[in-house]
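K.L.:
Below are the chains, spelled out letter by letter.
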Amino acid sequence: MTIVAEYNSLIEAGQSSGRLWLYSNYHCNLSCRYCLTSSSPQSPVRGLSKEQMLEAVKQARNLGFTSVGITGGEPFLMSWMPELIHDIAQTLPVIVLTNGTMLKRKEVRSHLLKCVDLPVQIQVSIDDPDPTINDINRGEGSFHRALAGIPWLVERGVSIRISSTRIFKDSATHEQHDAKMNLWMKHLGLNPNDHVGRTMVQRGQAAVNNLGASVEWEMLPADLTLTRMGAFYSPFGPTYIEGKLQTDMLLSRTILPLEIPLRHLVTCLNSMDSSVRTPGAKTGFV
Amino acid sequence: MKIQPMTLENAPLSVRSYFSDSTGPLVGTLAQVPELLQRTMPFLGQQFGQSALSMRHKEMIILGVSVLQGCIYCTQTHTVLAHQEGLSLGELQALHGKMDSTVFLGKESVLWSYVLAMGADVVDSNRVSLAMDRLKEEWLDFEIVEITMLIGTTIMLNRYCIALEIPTSESHLVWLQEQGWS
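Line by line, the protein sequences are chains P and Z.
Numbering follows our numbering, with no gaps: position 206 of the first sequence is 206.
Numbering follows our numbering, with no gaps: position 23 of the second sequence is 1023.
Treat each hint with caution, since some may be false.
Beyond 12 angstroms from chain P on every Cβ pair, some chain Z residues (computed) [to be verified]: (1) F1048; (2) L1053; (3) V1122; (4) N1126; (5) V1128; (6) R1134; (7) Y1160.
Pairwise CB distance ranges, derived in the manner of DEER restraints [claimed, not checked]: (8) P:P257 x Z:S1125: 36 to 44 angstroms; (9) Z:L1036 x P:A179: 45 to 53 angstroms; (10) P:P257 x Z:E1009: 24 to 32 angstroms; (11) P:P192 x Z:L1036: 47 to 55 angstroms; (12) Z:L1036 x P:Q52: 15 to 23 angstroms; (13) P:Q52 x Z:R1039: 18 to 26 angstroms; (14) P:M1 x Z:Q1050: 27 to 35 angstroms; (15) Z:R1039 x P:G189: 48 to 56 angstroms; (16) P:N209 x Z:V1123: 54 to 62 angstroms; (17) Z:Q1046 x P:M229: 26 to 34 angstroms.
Hints are computed from structural coordinates only; laboratory data are not their basis.
Beta carbons: idealized from backbone N, C-alpha and C, even for Gly.
Taking the hints into account, I'd like the entire structure generated from these sequences.
P.N.:
Next up, the structure:
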């Protein structure tokens, strides 16, 4: 069986979503208390190059990946990111995880407008419609900074979804929170279906601050994730604690050709009892 | 150590099977590049483990080369392992260059000459050629291939361990001290 066929059968079995994740950089203009990558303005960039990312996406399509996710750090701190998103979207659908604070910039807006008819989605992290609650973990003023650029883009047809990191323990509170988020999104002119609640994972800075849920790696989505430091089993893998990379989900240091880390991912998944794995979407680790 | 070794706690997913509570620094550092460890371990296992060449002769080669290359970790570790393979105190001292190598006789004598020629910092091709001619009188071709590969691999590991300052295990150091080797 070829690697393409093997990977495709794992996607069909729900063991991997088919999304390739790219950590474009690790630095950020916010310093969230639960940040997996402990990103902040002081973090080293640890960036993938634009060329590496484009090449990875090109190879990903040929290997059977169905979409691309870009995350960081704050991806829009890389000046070439808006243009890159446009280029990547010519090859595969792309979702970009951002804190939203850069979306008001002219150069970002102009490129995103060119993506309106392309499969591009911008996922902005806002935890709560109440700025006071939101800013507890994401930093003072972060709510208003995140929100500032959204209405203009929504009015012009840019696909935006909101991601809120769940900080609650019980499902009833989850539901109340989701209802509040949905109402707020309608008010913003967004489709409530474009809200995604993410369970906070106790890795990186969240582990330092004793926040979130402690999760075994088998429970996390098995989506190949490329970083400057190597290829990982899941986007929840390449996390940092106090400047030290957590290597427990490291697959290989080789990221390109993409077939090499993909083979490691497939080997890992094939060696596991699939019944112990719970695909990420069902557990909220998305 | 110059490079932090991985441990069972932070072992990369793809090579976790190589790890236990007693994983050494060689595996621990190679795991920094999991795909390299995955390829290297079977390669090293084939050469350093059981094969057509006896373990006694393998330890002679590894220890002899490591002494010539000045690798403290490999020298100390393989002094212990060579002893465990039955090499006598006199033979160990000869491999350390502290005693006349006439302790090795017959085919082991020519093997030792070949190790000395090949394990030198600067290889003299004429000297190697002469040592090889003698080796061929006593050893079979497939054995010579294994011997030569083992010498080369030992030198590779010597340089790796020297550069990364791989430390000798505490238990080996204790044994060496008890035997007066420190």
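K.L.:
Hint by hint, note whether the structure agrees.
P.N.:
Against the structure, the hints:
F1048 of chain Z, annotated as away from the interface, keeps every beta carbon of chain P farther than 12 angstroms; the closest lies near 24 angstroms. Consistency note on L1053 of chain Z: stated as away from chain P, and its beta-carbon is indeed over 12 angstroms from all of that chain's, at 32 angstroms minimum. No Cβ of chain P comes within 12 angstroms of the Cβ of V1122 of chain Z; the nearest lies about 33 angstroms off, and the non-interface call holds. Once the 12 angstroms rule is applied to beta carbons, N1126 of chain Z is consistent with being away from chain P; the minimum gap is 42 angstroms.
Remark: the non-interface label on V1128 of chain Z is consistent with the geometry, its nearest Cβ contact in chain P lying 36 angstroms away (cut-off 12 angstroms). Every CB of chain P lies more than 12 angstroms from the CB of R1134 of chain Z, the least distance being 44 angstroms, so the non-interface label holds. Every CB of chain P lies more than 12 angstroms from the CB of Y1160 of chain Z, the least distance being 17 angstroms, so the non-interface label holds. Checked against the hint of 36 to 44 angstroms, the pair P257 of chain P and S1125 of chain Z passes, with Cβ atoms roughly 39 angstroms apart.
Separation of L1036 of chain Z from A179 of chain P is about 51 angstroms and conforms to the stated range, judged on CB atoms against 45 to 53 angstroms. Against the hinted window of 24 to 32 angstroms, the Cβ-Cβ separation of P257 of chain P and E1009 of chain Z comes to about 31 angstroms, which satisfies the hint. For the pair P192 of chain P and L1036 of chain Z, the beta carbons lie near 48 angstroms from each other, so the given range of 47 to 55 angstroms is met. Evaluation of the 15 to 23 angstroms hint for L1036 of chain Z and Q52 of chain P yields a pass: the beta carbon distance comes to about 20 angstroms.
Taken as a hint, the range 18 to 26 angstroms holds for the pair Q52 of chain P and R1039 of chain Z, whose Cβ atoms sit roughly 23 angstroms apart. The hint said 27 to 35 angstroms for the Cβ distance between M1 of chain P and Q1050 of chain Z, and at roughly 34 angstroms that hint holds. Between R1039 of chain Z and G189 of chain P the Cβ separation comes to about 54 angstroms, which falls inside the hinted range of 48 to 56 angstroms. At about 58 angstroms, the CB distance of N209 of chain P to V1123 of chain Z agrees with the hint of 54 to 62 angstroms.
Our hint of 26 to 34 angstroms for Q1046 of chain Z and M229 of chain P holds, since their Cβ atoms are close to 30 angstroms apart.
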